[in-house]
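Generate the whole structure from the sequences, applying the supplied hints.
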Amino acid sequence: MVRKKQIIIPIAILAVGIVSLIGFSSMKKPPAEKPEVDNTPIVAIENIVVAPMTLKVNSYGVVKPKYETTMVAQVTGEIVELSDTFVRGGLVKKDQLLARIDPNDYHAALIDAEANMASARASLEKEVAQGKVAEREWKHITDTSPTELSLRKPQLAQELARVKSAQAAVLRAKRNLQRTEIRAPYDAMIERRNIGLGSFVGIGNEIGKLLGTAVAEVRLPIADNELQYLIDQGRQAKVNLTGSFAGKDIQWQAQIARSEGVIDDKSRMSYLVAEIQDPYHLKSNNIQNTMPLRFGAYVQAEVLGLEIANASVVPRYLVINDRLAILDNESKLHYAKIDIVRQQDGNVIVSNGLVDGDQMIVSALDYPVDGMKLALADDKTETQETPDKSSDGEDDTQVANTETKGE
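The sequence shown runs 20 to 426 under our numbering.
Worth flagging that the hints you see were computed from the coordinates, not collected in a lab. Incorrect hints may appear among the rest.
[Unchecked claim] Derived DSS-like pairs (lysine-lysine); straight-line CA-CA distance at most 25 Å: (1) Lys183 / Lys193; (2) Lys158 / Lys145; (3) Lys112 / Lys302; (4) Lys351 / Lys392; (5) Lys151 / Lys183; (6) Lys257 / Lys302; (7) Lys151 / Lys172; (8) Lys112 / Lys85; (9) Lys172 / Lys158; (10) Lys193 / Lys158; (11) Lys83 / Lys267; (12) Lys351 / Lys83; (13) Lys228 / Lys302; (14) Lys172 / Lys145; (15) Lys112 / Lys193; (16) Lys183 / Lys113; (17) Lys172 / Lys183; (18) Lys356 / Lys392; (19) Lys302 / Lys83; (20) Lys85 / Lys183; (21) Lys356 / Lys83; (22) Lys228 / Lys113.
[What the hints assert, rightly or not] Derived DEER-like restraints, expressed as beta-carbon distance ranges: (23) Ala383 / Asn244: 29 to 39 Å; (24) Asp389 / Asn259: 21 to 31 Å; (25) Asp251 / Val374: 24 to 34 Å.
Even glycine gets a Cβ: it sits at the ideal position worked out from N, Cα and C.
Now the structure itself:
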């Protein structure tokens, strides 16, 4: 009996343990499956725009007249007349009278010179007649030949010289009389006037200064390495000038007229000279901006240069060894070989290697490999949000079913 108990009890305990193990095993839930982690690098992109482009070289300068003249007195006398427009800032036309020096003495000098010339001509005619008489008389003398003195040729030459001298005196007197009138040599603006009514001027005294209004100039400093972006080093290039007038930014059109042909020894810059026709819009046929481009104004300049048929602008920091990271149609990394035409500020201008609509990668990659798979931030966000919405729906359904059963 005891032996049976010793055998049955261990067997019973073993059976109970096995049953308990099976029961606990059946109650154990299987481990939840972990979602696959997508390690595809996320990048940000920008679309590349390819379009025709005209290269521009920036510069600056001050507007000055092409022609300016300091007028000085060429005769001596008192100022007896002044024009109302002969004031600072006044606009005058070519040959317009600005001032008049007292002409009375010069009128008298002209009359005196004309009288001397009349006397010289009379003496010349008299000498010509005497020469003819002497020549007729010598024809009756056959035993000797006449000399030039006997024919009065030296006397005739002397009278001719006196006539020419008198003519020169008349011309000089007329010129001095004309110089008593101070006239503008061209259409101009008065920069300053140094005389007044009744003041006395001598030869060489400054009367005033004129600034020609037909053409204005701007000297534009250009770095030597920038000339490569201009056609024919900028000759005849179009220029956009921007300046301020009455508090507003105004633009004027100009053209490069010439290069000064030297490098400045201080700034080490080359200088191109731009010309602006009719800067004050005084001609009726001028169709440019109605705002005048005043002398002395400071302007910014854009010199138009080479034209590129297919150009795009790319941030400089994205270019490595003349290559640019592109996201291709298969969402893979691709390095495009590009031709850089110019570096400007923080960008580079590309002429070849890119197509309009290419997706340029603008975010940094830790370990970029050509051909690696990439993802956009927006696409990955949408992928992650989709399963979350489905699981939320299942939970709501389970809660609804539970509530229904409880009811």
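Are any of the numbered hints broken by this structure? If so, which, sorted upward?
10, 12, 16, 20, 21 and 24
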